[in-house]
Amino acid sequence: MATVFKRPHALKDLSMHYCPGCTHGIVHRLIAEVIDELGIEGKTIGVSPVGCTYNNYEYFNCDMVQAAHGRAPAVGTGIKRVNPDNLVFTYQGDGDLAAIGTAEIVHAATRGEKITSIFVNNAIYGMTSGQMAPTTLMNQVTTTSPFGRKPDLHGFPVKVCELLSTLEGAVYVERVSVHDIKNIMNAKKAIKKAFQIQMAGKGFAIVEILSTCPTNWGLKPVDALKWVQDKMIPFYPLGNFKGKDLEV
Amino acid sequence: MGEKLLMKGNEVIAEAALRAGCKHYFGYPITPQTEIAHYMAKKMPEVDGVFVQAESEVAAINMVYGAAAAGARVLTSSSSPGISLKQEGISYIAGAELPCVIVNIVRCGPGLGGILPAQCDYFQAVKGGGHGDYKMVVLAPSSVQELYELTVDAFNIADKYRIVTMIMGDGILGQMMEAVEFRNQEEIIPADKSWATTGTEMKRDNNMVTSIYINPEMLEKHNQKLQAKYKQIEENETRVEVYNCENPDIIITAFGTVARIVKNVIKTAEKEGIKIGLIRPISLWPFPTQEFEKYAEVPKAFLSVELNAGQMVEDVKLAVNGKRPVHFYGRMGGMIPSQQEILDKVKEILK
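First to last, the protein sequences are chains C and F.
Quick note: the first sequence, position 242, residue 1516 per the working numbering, numbers continuous.
Quick note: the second sequence, position 47, residue 108 per the working numbering, numbers continuous.
Just chain C, with the same shape it has in the complex (with noise of 0.2 Å):
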């Protein structure tokens, strides 16, 4: 019988520890599949972030480092630096990467440092239980915005792909979502380019992906989806902001 569907052989064959309807294990996935399409699993190192995603170097058959929150994207430019034939990505949430990570992703991407970014954007905090991130929509409920987020109290939110355009050094930037088949398979091809464009030493890349919280956001994991492409979409458009005809 032929096998049409299999686990990627970059992820291990472990239970994750994510919520029920969270896309984490969708986008750890694509990246597994990416890797073992590329065929450079032997030569990939990647970087986890503090957040929910804390421990997925326990998923991932690669090289891993946890790294301090927000500080993934500079211990990724130190193990990039001393090997630069390693393929290197940093796996960060919205707010280890545009909270409290900010400087980092920047002067990396500002360097335009051989590295890939997977930026994983659910507009909240999922790990500490909810609190409002620095890509959390106007009016949306948090444990720490609990009347909504509002101009006058919390400022607007972070559109992180649209900033990093501006920098030269960043030559991929795309945002994507995984809330439906078509859009999952849109935000593989985006993953793959941005892993092709660091192969081919062009620069610092980076992959938005809008994702879910069901449990923080306090909806099912159907409404989720539909909360993805209703709320987020609107404020966080979807495509390529840089490097789409970029040769690898």
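Certain hints may be false.
Said to hold, decoys possible - Straight-line distance between alpha carbons at most 25 Å, and here's what the computed DSS-like set of lysine-lysine pairs gives:
1) Lys1280(C) x Lys264(F)
2) Lys1463(C) x Lys1516(C)
3) Lys84(F) x Lys1466(C)
4) Lys84(F) x Lys1476(C)
5) Lys1286(C) x Lys264(F)
If you're looking for bench data, these hints aren't it; they were derived computationally from the structure.
Put chain F on the given structure of chain C with help from the hints.
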């Protein structure tokens, strides 16, 4: 020994690191140590090495974390306020058991303080400036020659024990030009780095570098392993200079540049019939407790002279353990004690 040159302390640190096989430097400018970065920026390309001027000390120490995880000999340098910023990273590096060398050319604080020499970061260095139960090896040179030799040793110690090793000096040492004699060949002790994240090449299980252990039994075991390692370092790596300590009236203890002033005080005092001994801790951690225990009942009293409000004196008191009075004399804010001031203090104690 080989070539003898007249060089600035900070440049000697950089040269020593290069000779010790360090090909990766990450740093952020701050006075009075920036010549280290200047030297590295110029010299690293010659050895096919890497110099990165980071966006902050926080980023620099995390680049060090990444480079050390990838198995490299790696250096960062800074001065007090910058070292404070690095504390988060130092704690992670200690937790993940990665080897690296950090230079702190101490300036006076607190806050932005001033750029002049001080030893006010002693507590931060030896008691753990970051969170958690960890130690770093802290070496305190008192001459440019020693800056060279201890920097080379620092890399070997870091690799051997997978530990952060700090070279702690001050602006006098960093900025001073002094003769330094280089060895023709450095002893670079090979270390096992099979744990490094260099890519599996599909030939081994994956390596993971981490400092998080959610399971309390595992985290306690990890901590016990660290403590056992620190114990071993205390046994093997304690360094101290004992000078003129045969039947002294008083033993002064001082480290770094202050110890040089004290040596001059010893000569002057001898002419006045006062015999002063010196115990100079070279490793601030591990602290040379045994040496103090050995001499605890030899002099009438001990005097710790420091460029701070009294930090090392606490460790001296613990080591002397009440057997003799332990006095303190210190200057702060970048002020340096004169020989006369120290001698006057000695006379006051012996009166």
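Here is what the structure says about each hint:
1. A hinted pair counts as satisfied when its Cα atoms are at most 25 Å apart, and Lys1280(C) with Lys264(F) qualifies at roughly 22 Å.
2. Between Lys1463(C) and Lys1516(C) the CA atoms are separated by roughly 15 Å; this keeps the pair inside 25 Å, and the hint holds.
3. A C-alpha spacing of about 32 Å is found between Lys84(F) and Lys1466(C), which places the hinted pair above 25 Å, so the restraint is violated.
4. Simply put, Lys84(F) and Lys1476(C) have alpha-carbon atoms about 24 Å apart, close enough for the 25 Å limit, and the pair holds.
5. Between Lys1286(C) and Lys264(F) the alpha-carbon distance is near 16 Å, which keeps this suggested pair within the 25 Å criterion.
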